[in-house]
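Novice: Top to bottom, those sequences are chains Z and U.
FYI, my numbering numbers position 84 of the first sequence as 84, with every residue one higher than the one before it.
FYI, my numbering numbers position 9 of the second sequence as 9, with every residue one higher than the one before it.
Just so you know, the hints here were simulated from the structure itself, not pulled from any lab data.
Treat the hints with care, since some could be wrong.
Claimed, not checked - These stretches of chain Z come out as covered by chain U in the derived footprint (C-beta under 8 Å, 3 or more residues):
1) 62-71
2) 78-86
Said to hold, decoys possible - Just some of the chain Z residues that point at chain U, by a computed CB distance under 7 Å:
3) Leu29
4) Ala31
5) Asp55
6) Gln59
7) Ala204
Claimed, not checked - Straight-line alpha carbon distances no greater than 27 Å define the calculated BS3-like cross-link-like pairs of lysine-lysine that follow:
8) Z:Lys78 <-> U:Lys24
9) Z:Lys188 <-> Z:Lys217
10) U:Lys111 <-> Z:Lys78
11) Z:Lys251 <-> U:Lys24
12) Z:Lys78 <-> Z:Lys251
13) Z:Lys217 <-> Z:Lys251
Don't be surprised by glycine CBs; every beta carbon is placed ideally from N, CA and C.
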Amino acid sequence: MSDRRHFQPNPQRRLPCESVRDDLEAWALGALEPTEREQIDRHLSGCSACQSEADRWSQVSSALPLSLDPVAPSAQAKHHLMDRIAGDQMSGVSPRPSIAGAHDVSPPPSMPRRFAWSQVLVAPLFVALIVMFGWTFNLQDQVESLEGSDLQITASDNTMLPAGVQTYSLKTECQECTSAGRLLANPKTANALFVAWNLDPTMAHQVWCVDEQGARKMVASLQVSSTGDVVQPLLFEEPISGYSQIYVMSKDADHEQMMEMNETPMFTPPPGLYEEQR
Amino acid sequence: MRFKARWAVRLVTFNGDPVPGPLKDHEDSELVSLAASGDARALAELYDRYSRIVMSFSLRMLSDPAAAEELTQEVFFRAWRQANAYNSTRGSFATWILSITHNMAIDELRKRNRRPKRADLEDPVATLANISDTDRSVEDYAWLGALRDEVRDALDILPDAQRHAIELAYFRGLTQREVADTLNEPLGTIKTRMRLGMRKLRNYLEEREVELT
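Please model the entire structure based on the sequences and the hints provided.
Specialist: This is how it looks when you write it as structure tokens:
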């Protein structure tokens, strides 16, 4: 029934090119026995001509999945992935000791975070989004009631915030920086909306928190636009009031900086954000 | 004192859609280079472009939506970690990411030791018909739809026996010997079917200058 059923290739034997090329179709399909594949791989690593031919067969086999109708992963899947990547980026990076203390920075374990997102906190997040969007549309109504493109608001507009929602402001020690942001949240809940401007779009930005025991956890990776703006719902693992510190860590290959969020009793426009009307 | 409400205008236009940026215009190879340099946004853009293909491929191989989604994440996380290893002269990013998907799916299948009992009884066309994308935005990817038509046309020119052997090997992770056992055919026959089928596919795709990206 099988012409090579008992054939046991010697993995140390180097195959001639002709023999390798006879098997490249099966190699590209992943249909070779492990020992056969090892032999082919060893040959390819030392033979650029056969490697080039193998690459072409790989392109043929990789076209096969394109015959399938696309299926979109869930929206949460991308969040999980980007959180893992953010944690990967931050691993091995220590915040400034003067600000962050002596605690090691380590990303939270992926499974508990994944569990929290998908199993427990979906409902609160949904409620929070409704509240946030409600607030947004309330704001929209008020803005649209103004005339034309010369929209005007005043410094008292924090009255539009739902009862219990507190504003936290980004604080940077950099005098020249124009970065500014607000975290809008009811401290009794774990949900928040983060809005920021003039962040450096070439840097990676993450929101981190420190609990009462001093443990640090990354909350989310911020999806910053090319112009440095971000509007993003955040979901903490516990109510905001349970944290001693919340901050934004920004880093690239050469720099890192931290911006703390402090409670803001009154809404005041960030420096340089607004243009005074004449 | 009155202020121009630039921030408010931006807030009310927020609708959860990805923020358009210059990365949308980058070639795949440029995005991989950016990802290799630590730019997570580049990886996110690649995810937006290819996660549907990877997900459908994973689902086809694992037949388990939860496992397929998990694999999709793992594939892109590996792409993130190994972006430096991508060599654009050896093939497109699509080829690379789908090769990663295939290898990881085969590993998963063999780890589970969960082979189909009678894969030959399954109608691949019916299986494919059960997979669909309800996300309307995928229709924006016209290039993907055109590619899908080309590959389906290429598969259609194959005799059923050749196409079936190829699909069992590639989508089920079976070796040539396992395909032969599954179909109760001589190993030499299966090898011949795969070789002839793959050569026809290659000729068809090359004649039409079909490229994965």
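Novice: State for each hint whether it applies.
Specialist: Against the structure, the hints come out as follows:
1. Chain U is given as covering the region 62-71 of chain Z, and this holds because 10 residues of the stretch bring a CB closer than 8 Å to a CB of that chain, at least three being needed.
2. For the region 78-86 of chain Z, the assignment as covered by chain U holds, since 7 residues bring a beta-carbon within under 8 Å of that chain's beta-carbons and 3 suffice.
3. For leucine 29 of chain Z, the interface hint holds, since its Cβ comes within 7 Å of a Cβ in chain U; the closest pair sits about 4 Å apart.
4. Checking alanine 31 of chain Z against chain U: minimum C-beta separation of about 4 Å stays under 7 Å; hint holds.
5. Contact between aspartate 55 of chain Z and chain U, as hinted, is supported at the beta carbon level, the nearest pair being about 5 Å apart and thus within 7 Å.
6. Hint on glutamine 59 of chain Z holds. Least Cβ distance to chain U is approximately 5 Å, under the 7 Å limit.
7. Checking alanine 204 of chain Z against chain U: minimum C-beta separation of about 6 Å stays under 7 Å; hint holds.
8. Proximity of lysine 78 of chain Z to lysine 24 of chain U is assessed by CA-CA distance (about 17 Å); at most 27 Å being required, the pair is judged to hold.
9. At most 27 Å may separate the alpha-carbon atoms for a hinted pair to count; lysine 188 of chain Z and lysine 217 of chain Z meet this at roughly 19 Å.
10. Our distance criterion of 27 Å between C-alpha atoms is met by lysine 111 of chain U and lysine 78 of chain Z, whose separation comes to about 25 Å.
11. A threshold of 27 Å between alpha carbons decides the hint, and for lysine 251 of chain Z with lysine 24 of chain U the separation of about 23 Å falls inside it, so the pair holds.
12. Under the criterion of a C-alpha separation no larger than 27 Å, the hint pairing lysine 78 of chain Z with lysine 251 of chain Z is consistent with the structure, at around 21 Å.
13. Taking the CA atoms of lysine 217 of chain Z and lysine 251 of chain Z, the gap is near 16 Å; set against the 27 Å cutoff, the hint holds.
Hint violations for this structure: none, all hints satisfied.
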